[in-house]
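**Q** Now for the letters of each chain:
Protein chains: 2
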Amino acid sequence: MSNTYDIKLVPLAEFQRVRGAEIDKYAKLQLLADMCRANTLATVKRAGSGHLGSSLSSLDIVTLLYNLEMNTVKLGVKHPDRDIYFSSKGHDAPGFYAVLYSLGLLGEEKLINLRRLGGTHGHPDVSIPGIEANSGSLGMGISKAKGMAIAKTINGWKGNVFVMTGDGELQEGQIWESLQTAMHQKITNINVIVDYNKIQTDKPVKNIIDLGDLENKFEAFGWYVERCDGHNFAELESVFARFKMIKDRPKALIADTIKGKGISFMEGPESLKKSSGLYQWHSGAPDDESFELGYAELTEKINAQLAKLKMPSLASKTIETREKGRVKLKDVAEKVVTAYGEALVEIAKERKDIIVLDADLASDCGLRPFEYAFPDRFIENGIAEQDMVSAAGGLALQGFLPIVNSFGVFLASRANEQIYTNATERTKIIYVCHYAGVIPAGPGKSHQSLRDISLFNALPNCTIIEPCNAIETKAALEWCVIEAKENCMMRLAISPSPRTITLPDNYDFSCGKGSILKHGKDAVIIGYGPVMLNEALKAAELLEVKGFSLKVINMPWLNKTDAVWLEKAIGNCPAVYVLENHAPRGGLGDSLLNVIIASKTLRTKQFTKFAIEGYPACGTPFETLKYHKLDGDSVADRISRGGKIKPAG
Amino acid sequence: MSNTYDIKLVPLAEFQRVRGAEIDKYAKLQLLADMCRANTLATVKRAGSGHLGSSLSSLDIVTLLYNLEMNTVKLGVKHPDRDIYFSSKGHDAPGFYAVLYSLGLLGEEKLINLRRLGGTHGHPDVSIPGIEANSGSLGMGISKAKGMAIAKTINGWKGNVFVMTGDGELQEGQIWESLQTAMHQKITNINVIVDYNKIQTDKPVKNIIDLGDLENKFEAFGWYVERCDGHNFAELESVFARFKMIKDRPKALIADTIKGKGISFMEGPESLKKSSGLYQWHSGAPDDESFELGYAELTEKINAQLAKLKMPSLASKTIETREKGRVKLKDVAEKVVTAYGEALVEIAKERKDIIVLDADLASDCGLRPFEYAFPDRFIENGIAEQDMVSAAGGLALQGFLPIVNSFGVFLASRANEQIYTNATERTKIIYVCHYAGVIPAGPGKSHQSLRDISLFNALPNCTIIEPCNAIETKAALEWCVIEAKENCMMRLAISPSPRTITLPDNYDFSCGKGSILKHGKDAVIIGYGPVMLNEALKAAELLEVKGFSLKVINMPWLNKTDAVWLEKAIGNCPAVYVLENHAPRGGLGDSLLNVIIASKTLRTKQFTKFAIEGYPACGTPFETLKYHKLDGDSVADRISRGGKIKPAG
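So the sequences go chain by chain: S and G.
Going by my numbering, the first sequence opens with residue 27, and the numbers climb by one from there.
Going by my numbering, the second sequence opens with residue 27, and the numbers climb by one from there.
Accuracy of the hints is not assured; some may be wrong.
A pair counts as met if it fits within one copy or between any two copies, since identical chains are not told apart.
Below, a list of computed lysine-lysine pairs in the PhoX-like style, where the Cα atoms sit at most 20 Å apart [stated by the list, open to error]:
id	residue 1	residue 2
1	LYS212	LYS229
2	LYS232	LYS212
3	LYS564	LYS547
4	LYS100	LYS270
5	LYS104	LYS454
6	LYS586	LYS454
7	LYS51	LYS327
Since the hints were made in silico from the structure, they are not lab data.
This is chain S alone, in the form it adopts within the complex (with noise of 0.2 Å):
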């Protein structure tokens, strides 16, 4: 067996060639769209993430819509009169990329580099010539596809507009809101379909939250409703015939569909049965092996077809060859987040009064001991934060202690006001924000958190913790649920660091103190979380070698700080670097400003921010780091200049 595998392309040729051929139709839409499968799997695999079963599941829509429905190639993606297709949940954008190369309408560099900066970005962006709308947090779809709608109508532009949601996506209130408003506002330019693949993040849509009966809703709410097979281009084609003849108002297709259509092994809901009854293909990339097996498999399968309509076999072209096995660090180092879901665990033995809730995200947010362990006070919501927020309220309100989970980008900016209306009945909650700053950056800004500090820094009472080790994420749980008289922020990283953060022997988890992982007196740099801290403690090493010494600072208390022993951590360092996981504004550089300006000593030396300017890059972490000349070689850089280097950001 050889020690490598190959990541192979089709090429646009390839397509061109099966779009030139005269065969019938539906044979032609079922190869496209399983050659776009092929390099669906091949830039995930390349990628090393990247959600393959709904890009599997949605790409016979999606296939049909450019090849068949709309006039969006023909008249180009600036055209005022195109129609306009884009994806709600935007989890499906490397299938959808796979349609726009077989279009000509990507270039192949910009394919194969799915998820590297300068190449395509995890979740969609209009930044890419034939993305209409950026995605990625759900819900936001058939709202903005409304927007567009009626700028047609207002502008007299032809077209319709076409927008794909995800089912579990259902969940989220916008979605209603926007039916509603559809209805009433009589857009008839606009067709919803549901890419109805009835596996949401890992489990069953009817375990998590069930949908119902889908068409009688969208019905309730006014809606033109029909239900097809959605690998079905028979099907499919003459549903959209249908959609044209109504026109007294908007359209929705509820497409049946299956998640990882195409790889057998991805196929729920029966692969299902193999795995514990968690779907595996959600979005990180198979291992060599499944990658291997899934990419013959499709091959074969065109091949097949390709022999059947007497045309040669398909002629790919290898991108890529690589070593098996390779080690993943997030196989091997640290995780919070693991920390955190075992110290769940233990403090809940203990306090009776700790609930735990979650939105469609408990495997990443490490929630899954606690599920099992304790099934009675585990409450999954669904992807239904403003809901999850509010129940959380109530719970309070009878007295226990709820810990409310989910990604930081969409807990702390969706649930925002439903935050703070708990926050005004003075109980305590805990608000567990995972996925917190710049890393990992693949999925792109829809899910990169670096703004969830300032959104709970008005609140006037809520504590706002980042730990950096397995160790302090302990500490700091317990810290919220025993010491903490207010309402907590704990703020999570999902991703490991390449070293494992370690804190002093004597270390004491006390409110608005951080502690000195290295000493030194040229400089002071304050950081927080795994993630940043490597970075800060990599400079401090790189400019240890030059002579210049930097002292390191863990800072987890984000919008709490002791004046007392800020003055005494930074000592006569003459120079004050903060950096900042987070957007410049709002987080612990802002705070931490508060109580330099009124301290004598602390005001008059420099003070610099190192923060992500603008918006984040979408790639590896070292690209992305190193775009935002945040990792450590550029922290080292800068403070050796003084901190005076702007960003490209």
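Chain G: place on chain S using the hints.
**A** Then chain G, alone, in the frame of chain S:
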């Protein structure tokens, strides 16, 4: 005709008399409800504002719940097995306070001091015994009730949770999230009552965003639904009796009610005919004549009923005698929102790309002139802020310049993630956060917007501006439309200031630069907006008398500062005060600190922020500013003591 009028109260003893009478139970409920109506009208008149329309429409239901249906009074408002009631809309608080008073649960001093410091809040607050949840921001109630109902189930506590919603409120997406999750989570101890009075802020629901077939919608979400006349006690009683029999799903009552019920000229939809289709009694207090007319009608009806039952007439007591025709500040002083509305019409004549979006606050946001002038470019989106913001995103992607309006507390917070996603698309949208700041303080913390600057501030491409008078408002809007290259957030006070702020003659509205309103040398105070600049000027005048020369600067640019201008503007003043109409974190002060710390001349000056510490108080403008030590007197006092005093808040 008398020059004065009396505000009277139906005292508790009268409620006890009626409750103890041996009369038909429905006749008794009607009497109790109408007596509560009288007290509601009296307290709203005394407060000068309050939501009469929906208090009156929901009062019969609340009266029935507390007197007949629920065990809450019997068991006590802290008993675990009690039935729990709260209003999700919260606007109907005056009516609810009247019911609590009638049951002996709320003291007279509290009742008559509606919207006053130390009295009752404009929207519900759990600090008052009997109030189960904070509300007033719409759409959260069913979710919160869910949390309470789950808590009852986990703890094995008896009792049901009753939650009242409005009808316009059903436009909020969170409602549908909660209907969906409640069914899936099998929450059976919950009863939702929709106060279906069919008029939202000031227009019929069917004209804002039609709800369609509401029963069908609730049923499509799996709920058990009944519908009845919400003013018919017998029907209500039998519905709740049937609800008790339904043990496998959550239950909803669509109660057909009449907005303003009980005062003939306030009753919708009839009263709309006399007022150009706009409902007049949603949130303001009636004028003196209407008050006397309405109060007489109510007491006559009550007395007629008492007479029929052979009971003595009502014994009301006078709580205040007032002069008629008091002049109100809001009727005479300059309002920036009026200037905004006029400027919008002017600029839209030139700029055909402007589209104005509203979320059912068109009158309060000064949008009616635009709506009437450009009906095709005005989008009424109902109470669905998230949908509105994403639709604006779609319009911007298609080349329009959307101007999005709502109260700041709703727009900046509830639609935060949608604003972020739009901003990542690098289009330009203008968000107008109305009702910015702490004044008016009567509606309470669900409406006072004190976090909006911080909620927009971490966006990399958004300029935040608060103008201080009509001239600056026009200049700000023009700058946003014509000059700005990125997104803008305009923050507008809804209340007038007792003084019109006068800008310097040669004032040039230029990004990052404010203006000096009063020269001085001993210290400088930097503020923004009409309300706080008035207090700053008042403080300067008071200090002047004492020989302390305070410079007053207007700084409308809340997140952009021209460093050279700031150094020059502060000049030799040794102390810098920032007067925030915002929470202490994330406002203008933090923004300025970033410039100040980088300036060798500025960073050594004493720096102090005066901000709204803690949650904002509810009261009159004077009471509230005084409470937070942000009125001119307190500001002068704090400055003369070197800014060292902590506010009480």
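**Q** Would you mind marking each hint as holding or not holding in the structure?
**A** The hints, checked one at a time:
| no. | hint | verdict |
| --- | --- | --- |
| 1 | LYS212 x LYS229 | between (36 Å within a copy, 19 Å between copies) |
| 2 | LYS232 x LYS212 | between (32 Å within a copy, 13 Å between copies) |
| 3 | LYS564 x LYS547 | within (17 Å within a copy, 48 Å between copies) |
| 4 | LYS100 x LYS270 | within (19 Å within a copy, 61 Å between copies) |
| 5 | LYS104 x LYS454 | between (51 Å within a copy, 18 Å between copies) |
| 6 | LYS586 x LYS454 | within (17 Å within a copy, 35 Å between copies) |
| 7 | LYS51 x LYS327 | within (17 Å within a copy, 76 Å between copies) |
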